[in-house]
Amino acid sequence: MSGLTTDEILHLSRLANLTLSKKETTTLKDQLSDVINYFKELKKLRTDDVSPTSQTTGLEDVLREDQVDATRILTNDEVLSGTDKTHNGAFVVPQVIDKDL
Amino acid sequence: MKTPLTINELYTALKNKEYSLVELLDAYFARINANHDLNAFITITDDYAYQKAREMQEVINNNPNAFGEFPLLGVPLAMKDLYLTKGIRTTAASRVLENYVPAYSSTVFERLEAAGAILVGKTNCDAWAHGSSGENSDFGVTRNPWNKDYVPGGSSSGSAVAVAANMALISPGSDTCGSIRLPSNYCGVTGLKPTYGAVSRYGVVAMASSLDTMGHITHSVEDSEKVFAITSGPEGKDSTLIDRKYQKLTGENKYKVGIPKEFVEQGISDEVKSSIDSFANWLTDNGHSVVEVSLPNTKYAISVYYIIQPAEVSSNLGRYDGIRYGNDRSTFGMEAKRRIMLGTFVLSSGYYDAYYNKAMKVRTVLIEEVNKVFEDVDVLLAPVAPTPPFKLGEKAADPLEMYLTDIFAATANLTGIPSLAIPTGFTKNNLPLGIQLMGRKFEENILFSLGKKFQKQTDYHTKTPQS
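Chains A and B, in that order, give the protein sequences.
Just so we're aligned: 96 in numbering that gives the first Met the number 0 is position 97 of the first sequence, and the numbers increase by one with no gaps anywhere.
Just so we're aligned: 384 in numbering that gives the first Met the number 0 is position 385 of the second sequence, and the numbers increase by one with no gaps anywhere.
Just so you know, these hints were derived from the structure itself, not from any lab.
There could be a bad hint or two in this list.
[Claimed, not checked] With a cut-off of at most 30 angstroms between alpha-carbon atoms, the simulated DSSO-like pairs for lysine-lysine come out as follows: (1) K394/B / K42/A; (2) K39/A / K16/B; (3) K16/B / K28/A; (4) K272/B / K43/A; (5) K298/B / K43/A; (6) K16/B / K42/A; (7) K455/B / K22/A; (8) K298/B / K39/A; (9) K371/B / K43/A; (10) K455/B / K42/A; (11) K336/B / K16/B.
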């Protein structure tokens, strides 16, 4: 049985922007390895000539008129209502650009 | 007063002035308070509800056509806490959103409210709808009203419990892989998973976008159909909706019903098997034909589901950064972390083809297989889950074991077809049993027609737990 290594778990947690405790890392390594191992049954089914399905509606390129619907516009206060960290009517976000650059 | 079991019963009582809407709500909130230990609700909206009740009572008193204009007038409504409700806290049962108050409402809630329904509260569920037992809520487990040591089924756990224990008359849930049908089955109530593309997902916290469907839980099939007639159809906000109006069936039709042998051959409990046999007998007694059919590749459905769903989860939950609303990512619970990690893995460089792309291809095979069977039969009869309700904690430590609970639910979500879960009896330990009927896309009307006929001749859906 192949499984995920601790390094792979830590790599995935960085990709997903999750911080895991040591215990969580160990638990997830074992549990996800089990689940991924279960997926191996799919190899038994040949699908070389099959197209993938990403959705079931059969709809393609659903368009609407490019018109503003005033009933769906939130006020600035409503948009900001989910956070206390605002400044001059805008969201305060973590700094991502180094000041010294 | 005795709370009603159907909308008809409620309307008769209101028309006969047996009670006012305020008295009706008194009775529901008394039940909600008395059943606090079931933990079915995250937020109780009593102030809102009484205000609405007074408004609606005015309508009843002054508008002679009140019940015609408002098809859900005064119906006590509980929304799964995944549905945004403007000005009313919406948590998705996660600490990430524990203080989130949305600035707009979901389409389903808007439509039900406009039809006259009265919100009594937001129901508990597995956080982000991730779960089959109701045990993954960050707000505590929900208990089965038939036996508090057992799980109510998930993820729409609180919704099924609220209806089963008469704390609401109708309750919308969401079904991504059985999350309406399983708790309905485990609590002895009726649950609809509609066709993908029938009911708007607008304003509902997204789990897995190609699989999420917005259905509801009621006591009776008749009420399920009434609610579906209101919630279904496009509104210009969810672009996956197909433009068609729901058509109720009239008259008596005879149907050919298939039982997929792979769903009943092995791995299911004797009591679940016998509930399938009994329903098949009821069908033939009523002039329908029942045949065995084969869906050999549905055995891969749970693998396909547990690749596609976490992939979509990892994408949908990527937006929760705690900047615009909600808490930061350190507040995700363990099951959400597990699914985000699994989804990130199957989408990651080097594994995409082996897992995600492969799963999407097997999904195509499943769809073709199901379509082929529906050329021969009109409806599929199957169990909802392999066993009756299990005990709290029994599967909590083993995610794979828990995931396999969904093995019979996955087919309908992966292929987009509708499914109706109906109560059909009780185990020897007095826990609910039931079945699911699956139909062709947009043929909910056939499922409702069969379900209504069954419930005219049986009374399982009228049984309620003693509490």
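For each hint given before, does the structure comply? Return the numbers of the non-compliant ones in rising order. 2, 3, 6, 7, 10 and 11
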